[in-house]
Amino acid sequence: MSSVSRKSIQTLAETISRQVKHFNKAEVEGLLRLFNGLMGDQAGSGRPVHGLDRGRFRNILHNTFGMTDDMLTDGVFRAFDKDNDCFVSVKEWTEGLSVLLRGTLDEKIKYCFDVYDMNGDGYISREEMFHMLKNSLIRQPTEEDPDEGIKDLVEITVKKMDHDHDGKLSFADFEKAVKEETLLLEAFGTCLPDAKSILVFEQQAFQEPSEQ
Amino acid sequence: MGASLTRAVQWTAASSGRPGKLEASPINESLLKDILGFVEQFGSGGHPQEAALVFRDPLQWATTLVASDFNTDYDVSGADVQSQENDGKGHPLLRLSPPTISVESFSQLSKLVQLAGDKGLTEVGACLEENRDPVVKILGPRFATVLEGDIDMSALQLVDKLKEEDPEQAKDSEVKLFLLLQHLDKQLLSNALTDFTQEVGLSPSAVKNEVELLKGFCSEGNQRVLKSVRYTSDYEFSNGCHSPPWRQVHGEICYLVVKPCDTEPLHITCSSAGVFLNQGLKQEVEEDDTYKRTSDMYQDLASLLKSRSPHFSQNVNSQDFAVQQRLPSTQEVQHVEPVGVEEQGQRQRICKHQGKNAAKMARQHTVLLPSHHCIWPYRKTKYEPTPWNWENLCVVSPSDEAEQKPSKGSGKEKAGKTHKKILRSDSKRKANFSLASLPGRQSIQKSKTEDLFSESSSESEEDEEQPDRRPKTNMDLPSEYWQIQKLVKYLKRGDQTATVIALCCMMDFNLVQETCQMAIRDVGGLEVLVNLLDTEEIRCQIGSLKILRKISQNYQIRRAIVDLGGLQTMVKILDSPVVELKALAAETIANVARFRRARRTVRQYGGIKRLVELLDCAPATAATLSEAQEKEVEVARCGALALWSCSRSTRNKKAVWQAGGVPLLARLLKSPHQNLLIPVVGTLQECASESSYRGAIQSEGMVKDLVANLHRDNVELQMHCASAIFKCAEDKQTRDLVHQYKGLKPLVSLLSKADNKQLLAATTGAIWKCSISMENVAKFQEYQTLEILVGLLTDQPEEVLVNVVGALGECAQVAANRVTIRKCGGIQPLVNLLTETNQALLVNVTRAVGACAIEIDSMTIIDRLDGVRLLWSLLKNPSADVQASATWAICPCIENTKDAAEMVRSFVGGMELIVNLLESTNKEVLASACAAVTRIAKDEENLAVITDLGVVRKLANLTDTTDDKLRRHLAEAIAGCCMLVRNIVLFGELRAVAPLVRYFKSQDCAVHLATAQALMQLSKDPTNCLTMHESRVVKPLLVMIGSDDHILQEAAASCLGNIRRLFLAYDEARYPAR
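Residue numbers (the working numbering), protein chains in the order written: chain S, 1 to 212; chain C, 1 to 1074.
Read the hints as simulated data drawn from the structure, not as lab findings.
Hints are supplied without guarantee of correctness; some may be wrong.
With the C-beta cut set under 7 Å, the calculated list includes, among others, these residues of chain S facing chain C [as the list claims (entries may be wrong)]:
#: 1; residue: SER136
#: 2; residue: THR157
#: 3; residue: VAL158
#: 4; residue: LYS160
#: 5; residue: GLU181
#: 6; residue: LEU183
#: 7; residue: GLY189
Each residue gets a CB set at the ideal place from its N, CA and C atoms; glycine is no exception.
Using the sequences and the hints, build the whole thing.
Right, dumping it as structure tokens:
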């Protein structure tokens, strides 16, 4: 069993590593092993599965990368799950992680935009922004309208990033703004792991074979 | 304490034999508070020994305390109280027999004020009222006299003096207590001083208010007090002044013509120092006379008018009510505005900042609120009492009052700062109602002036220039101001996502603009930005630094950042693994560390070492870089920028050296990237003022790279390279290296960029220093540098001129160049420069003119241009260097002028000047003066004059010198003066001969020659011969006879001959038989 699975992993890794950037074959193997491990837990339910479901994926984001905001983890899941089948497949897993861990700025811009575009219509609307920024200001008890600050924050963000003045952020708007100021990459919430957790994750995922 | 009590404290006039009381003025109150604090510190465990010290005489006063106020440490018997603590002889240190209390130590005093609680101030006041000289009582008259006498003495000197006077009595604790008292004294004085300075002095706005008020008096009818009040010029400058800028520097604010009813028009000047009458414009006098003061100085317009116009002073007192109704509309606004709860709340907030006195202050304010105080009474404290009706006129907005009142209560910086903040919020609030309303602007202006004031007083140590930031009266706050305030609000309240958005939006503003910088600061944005640096959030840190690096170009922001401890955090960030963060931190440090305290902070927190580490990037010599390399270069660039700023302090230069910065800088110097090279070379040239760096620049082979960079097409880089060469080329080896690496030609070609004055100054400086070597001069000749340099002698800034003239002076040491300078028409501009005042320039000009004067044709031109007279007048220059250089230049002038003797005589007092220079303490001046004397003495008539001026005695006084240069010229001068026979004898009488003989021990041949010639002259007198013989002159003379120099041979031989002949004659006289 073990040798069979190892062999299948190797062949799979071979094909995937040709399609996915940033990882060599050994690294892809590591990621596949991790994926299989996670799948193994899930397989216990007995149903045939195509990949990681939302809950499991969220757990990983939470535990490994410290992302806690449900709204954003949903977004990340959406961004990973390219075929919208509500499962993250092996391929989607490695592709997603390649951006998350080693993506270039352009890849990250695309990824972040996908995360923030909650309804997937190709625009980040004021409403979406409002939802994402909802908890970003400390409420002051004296305020009459607690949402006023958030609304205003959304307004200034639109003013800053909406270059074509259509009241919502297209990908082009987003890309231009981020190119101008990289800090805006994660403008609406943390959706990329920080350097430290990347390091920890990579150590875990990639050094496993040598330990065995 | 003595000084401040006598000088600063305001006593009421002593009345009917009773000692004067302390006036209940704010200044006194603050003084008392400070003294109270001082006393309290003894109780809180500070200085236990000093606290226990028993006073010489007890301090006694009538107290309000009663027996029941005392606790268990005291023995109470009826109304009397005695302390349990005694002086060791059973004598209690505190005794109370109502109403008199007597206290004998600070420990008891401090307990007393604690017991007194709120009444502490009254007690201290009463104590001081009855003990006008507390120091005498505490420490005895001895200390007090010292304290009174020498408040300027340093503490140590004082202690020494005390010990000297009475070594046994000066017990340690006594001295320490004395020092404490002295410290307190100083503090009190300086606090009082700040208070006074705030009191005195008019501000444009105060004057304006008063003028507006007075205009209200110019009504028709029977209430008329004045005919008219008008400004001479209605134009108001942005700082609120009406006077032209060149008068504003004298502190003058505006000029008024006031027509009173009973006298002729008064022409009045309002200046920051006070109000006075001027000549007026009508008399058609010289402009300067127009502004001349023709009356006493008054504190305000009203008092001036009262003294000048009896009608005014009579009527004004009965007019208060009527005037109040007729106040200008702007002030009406003030009245209408409700002085409501909010205002009061703000006042109380002010008070909270002031600690324990809050309650008292608050009371004061609420009492004051209804009667709008005018500013006059405050200035009045020391002068005649103001009539009350003036006070009822509201000329000062409530916010002004709030500002003034508490800062008087405790003249401390901190209090001032809290006010600024409050004021701003005040102004903001008003401006929200109506942006352009006057009060808002007024208080902003006020706060700004106060800014300037407090900054300059508390930070006088800063060595950077303070840009002239005049308060902008008419400035409407732009919308950016409010937008930025909003963003800062989100910074404060937001989580990291909101913070980053706010930061990014803030970056979009023009942060170099002062309005934006101030907006950020005013709402406490700086605190937030600095705090963000302390978080773990890299993106917040980056965003914050991106803003800080921009706004730190403002000097006030820089100070604020340092005050908030931002530098420490930035230094810590330099250790971060995130490259971008490191670079940004270093760049911000580079901006902030532009003043001394900041540079010191960077060093003290280990910043220099970390910055030096940033320089350690991989040797990227390739022109194109990978992204990572690029980042690394950027870090190195920012590190170098920061080091550049920091290296303006000498200690930091040493720290950079110790941290091993030099080899790293040397390595970076080979980099091909210009933007990296500029700060690197900048740092190097900054450090090159230290000799260790100059040595390293030479030994580490940096001269080659510096020269190479001269070829790059980047003006700033070229400038710093030239500047580095300028500083290093003082050293001969460096000059040779510049020559060797062919650096002279690019330097010369840089002269063509004459429009860039900084570059020109650096280049000409480098050329000057390089031209000290003769082989370099030859090169410069080859590149026809002199022609260019002569062209740069006119219309250049001083720093360029100094270097150009310096270079010409060096080049002119070569004969051919003197001709070139003359042929290019360089003599005239050089002589013209003799009238300049810059001493460095004068030293160089005189040297150059002196060198040119060696050539006869040039000399003719100099003479025609009256250059010699100009040189001669420079002998009066206070700088010894100028004196020496001018005197040296005079020497060839005398030699090469046809009627030199006549010319010298024509300068009235000229010879006296030279002779007097012989009394200088500067060796170079002395040597040059001797040389000039030698030249002057060639003419018999002039020699007679200088002999009458006592030249012989002065020369004789110098003979003991050991300086070879001076010896040589002195010996020559003595030889010259011996042309007059009586001087020969005189030198002997003045014992100048024996020291001269010792000059033969010198290693310098020139000294030998001059000495031999002087001795030859002196040996014409028999007594001198005897002295010489006694001084064993024969042996060295015999050696000199053996010299290769014919003149020396001859002089020595002839001197020996004179001695010999004397002895022969003696023998003949003694043994006539033979």
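Outcome of the hint check:
1. Of the supplied interface hints, the one on S:SER136 holds, with its beta-carbon coming within about 4 Å of a beta-carbon of chain C, less than 7 Å.
2. For S:THR157, the interface hint holds, since its Cβ comes within 7 Å of a Cβ in chain C; the closest pair sits about 5 Å apart.
3. Using the Cβ-Cβ criterion of 7 Å, the hint placing S:VAL158 at the interface with chain C is not satisfied: the shortest such distance is roughly 11 Å.
4. Checking S:LYS160 against chain C by beta carbon gives a least distance of about 5 Å; that is within 7 Å, so the hint holds.
5. About 5 Å separates the beta-carbon of S:GLU181 from the nearest beta-carbon of chain C, less than 7 Å, and the hint is met.
6. Hint status for S:LEU183 relative to chain C: holds, with the closest Cβ pair at about 5 Å, below 7 Å.
7. Annotation: interface hint on S:GLY189 holds; nearest CB of chain C at approximately 5 Å, less than 7 Å.
The structure is inconsistent with hint 3 alone, although it conforms to all the rest.
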